[in-house]
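Student: Please construct the entire structure, taking both the sequences and the accompanying hints into account.
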Amino acid sequence: MKSFILLLVVLIITFCTFPHLDFMKKTRTGAAQENFEPLNASSLPPILGTYLRDNNINFELYTIPNHVKDLFALNSDFSSINKNKSKYSIILVQPRTENSNFRLLYDKLKDISSSYPNKFNIIHRYEGNISYPNSYDNQAAKDLMEHCNYFCLIDPQKETIFTFKKLTATEVESIEAILQQYSDITK
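In this text, residue positions in the sequence shown follow this note's numbering: the first is 1, and each later residue adds one.
If you are wondering where the hints come from, they were derived from the structure by calculation, not from laboratory data.
Mixed in with the good hints there might be a few duds.
As the list claims (entries may be wrong) - Keeping only pairs whose Cα atoms sit at most 30 Å apart, straight-line, the calculated BS3-like set for lysine-lysine is:
#1 Lys25 - Lys142
#2 Lys142 - Lys69
#3 Lys69 - Lys110
#4 Lys108 - Lys119
#5 Lys110 - Lys158
#6 Lys26 - Lys83
#7 Lys110 - Lys165
#8 Lys108 - Lys165
#9 Lys158 - Lys26
#10 Lys69 - Lys108
#11 Lys85 - Lys108
To be verified - Restraint-style ranges between C-beta atoms, simulated for each label pair:
#12 Gln157 - Leu11: 47 to 53 Å
#13 Val10 - Glu159: 39 to 45 Å
#14 Asn138 - Pro95: 15 to 21 Å
#15 Thr29 - Glu98: 37 to 43 Å
#16 Asn40 - Asp77: 29 to 35 Å
#17 Ser115 - Lys142: 31 to 37 Å
A virtual CB, placed ideally from N, CA and C, is assigned to each residue, including glycine.
Tutor: Rendered as structure tokens:
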């Protein structure tokens, strides 16, 4: 009898948690949800890859998974990414608490972006402020914000996301060179 009750409890727990496992997650279209796949520096322009390595800039580069592509295409907060694929998009995720490096990045981006008016689209979001009527958008936005460390540079044509591993003064100082390299890429 004890083993039957134990088996019953295990089955109930299994069936309750099974739909929440990663391999069960679906996109809006019903396709299996992809993960953020890391890429290496060879996927960047050679000059930029060398610059990042020589200046010890810790970055991450990912392919955009299908559920985040759906977010960009179907959510009005992010639709500007898909509307103009000839522009790179920058997502700034403002932290809840004051962060001096974020403030430096924000001020620097404001100054630099005026130099490249036709190259970059800036989207400003707030950390932890994710609430959409569609649960698929909530999950995709949450996943995106987890991978954007205050700053993401999105290349909609190559479907990649560039972000810093950690936002320090070194990364903030490198932002102008990074944007210059991306703006020089022929689109």
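Student: Next step is simple, just say for each hint if it's right about the structure.
Tutor: Outcome of the hint check:
no.: 1; hint: Lys25 - Lys142; result: holds (14 Å)
no.: 2; hint: Lys142 - Lys69; result: holds (13 Å)
no.: 3; hint: Lys69 - Lys110; result: holds (26 Å)
no.: 4; hint: Lys108 - Lys119; result: holds (16 Å)
no.: 5; hint: Lys110 - Lys158; result: holds (25 Å)
no.: 6; hint: Lys26 - Lys83; result: holds (24 Å)
no.: 7; hint: Lys110 - Lys165; result: holds (22 Å)
no.: 8; hint: Lys108 - Lys165; result: holds (19 Å)
no.: 9; hint: Lys158 - Lys26; result: holds (23 Å)
no.: 10; hint: Lys69 - Lys108; result: holds (28 Å)
no.: 11; hint: Lys85 - Lys108; result: holds (24 Å)
no.: 12; hint: Gln157 - Leu11: 47 to 53 Å; result: holds (48 Å)
no.: 13; hint: Val10 - Glu159: 39 to 45 Å; result: holds (41 Å)
no.: 14; hint: Asn138 - Pro95: 15 to 21 Å; result: holds (20 Å)
no.: 15; hint: Thr29 - Glu98: 37 to 43 Å; result: holds (40 Å)
no.: 16; hint: Asn40 - Asp77: 29 to 35 Å; result: holds (30 Å)
no.: 17; hint: Ser115 - Lys142: 31 to 37 Å; result: holds (33 Å)
No hint from the list above goes unmet by this structure.
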